[in-house]
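These protein sequences, in sequence, are chains P and E.
For any residue, its number in the numbering used here is found by taking its place in the first sequence, counting from 1, and adding 2.
For any residue, its number in the numbering used here is found by taking its place in the second sequence, counting from 1, and adding 13.
Since the hints were derived computationally from the structure, they do not count as laboratory data.
Among the hints, erroneous ones may be present.
[To be verified] Which residues of chain P face chain E? A partial, calculated answer using Cβ under 10 Å:
{"no.": "1", "residue": "Ile14"}
{"no.": "2", "residue": "Tyr38"}
{"no.": "3", "residue": "Phe109"}
{"no.": "4", "residue": "Gly111"}
Just so you know, these numbers come straight off a predicted model, no measurement behind them.
The beta carbon of each residue, even a glycine, is placed where N, CA and C say it ideally should be.
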Amino acid sequence: GAVVSQHPSRVICKSGTSVKIECRSLDFQATTMFWYRQFPKQSLMLMATSNEGSKATYEQGVEKDKFLINHASLTLSTLTVTSAHPEDSSFYICSAPPLVGEGTEAFFGQGTRLTVV
Amino acid sequence: KQEVTQIPAALSVPEGENLVLNCSFTDSAIYNLQWFRQDPGKGLTSLLLIQSSQREQTSGRLNASLDKSSGRSTLYIAASQPGDSATYLCAANDYKLSFGAGTTVTVRA
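Please take these sequences and the hints and turn them into a complete structure.
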């Protein structure tokens with residue numbers, strides 16, 4: 003299957019600083035990538051849809067000024083958590099579908115464990 | 014808005030028993046349904062993908078069924094092993110993936 007690489011896998015940062023998470027599709031092009039967040043013992047919740055060459059679409063309740071998404075190329079999307087606070091500590095994971103529609107299998111990155119201290 | 018529910022939330026069985034994990038979704042207009050495994054503190058491993066036109070999909074000891082009209086999918090794991098202990102997530106794909114809360118499985122040796 004297709005490979006999605008996410009980096010870093012773990013990051014600890016101080017409160018008030020910003021953290022950038024990268025999501026790369028290694029062997030296919032992805033015009034769309036999805037960013038999810040998972041709090042402990044909860045399921046994954048979609049945060050935003052990243053679109054190459056245009057603005058990201060955010061789900062209700064997700065602050066677009068706090069979670070900056072840039073989809074600069076067909077193989078790279080980045081999520082920047084700005085002015086991070088302890089409540090932003092979570093597991094962030096990206097996914098990319100090579101194609102849209104029936105037959106689409108979602109491929110996930112390895113995830114990033116963010117701890118804000 | 015798609016709502017996905019998984020029952021039970023947790024399951025503990027002795028080694029060798031068959032596992033039955035249930036997933037229900039509210040909007041049947043999906044492209045496919047995907048089952049994942051998640052180990053503690055780790056990412057997702059895709060197990061099975063069932064297209065909307067399919068009724069079931071099999072891989073080794075895993076079998077997943079899909080009844081789109083009733084909004085249900087079931088994951089069967091035959092002859093469970095301690096290595097099957099993990100959280101299993103189902104996700105309905107209607108362009109965006111909507112996840113259930115998962116079923117945490119413990120297989121006792």
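Each hint tested on the structure:
1. At about 14 Å, the closest approach between the beta carbon of isoleucine 14(P) and any beta carbon in chain E exceeds 10 Å, and the interface hint on this residue is violated.
2. Below 10 Å, beta-carbon pairs count as interface contacts, and tyrosine 38(P) has one with chain E at about 8 Å; its hint therefore holds.
3. Because the smallest distance between the Cβ of phenylalanine 109(P) and any Cβ of chain E comes to about 7 Å, under 10 Å, the interface hint for this residue holds.
4. Among the interface hints, the one on glycine 111(P) holds; its C-beta lies about 7 Å from the nearest C-beta in chain E, closer than the 10 Å criterion.
Of the hints listed earlier, the one the structure fails to meet is number 1.
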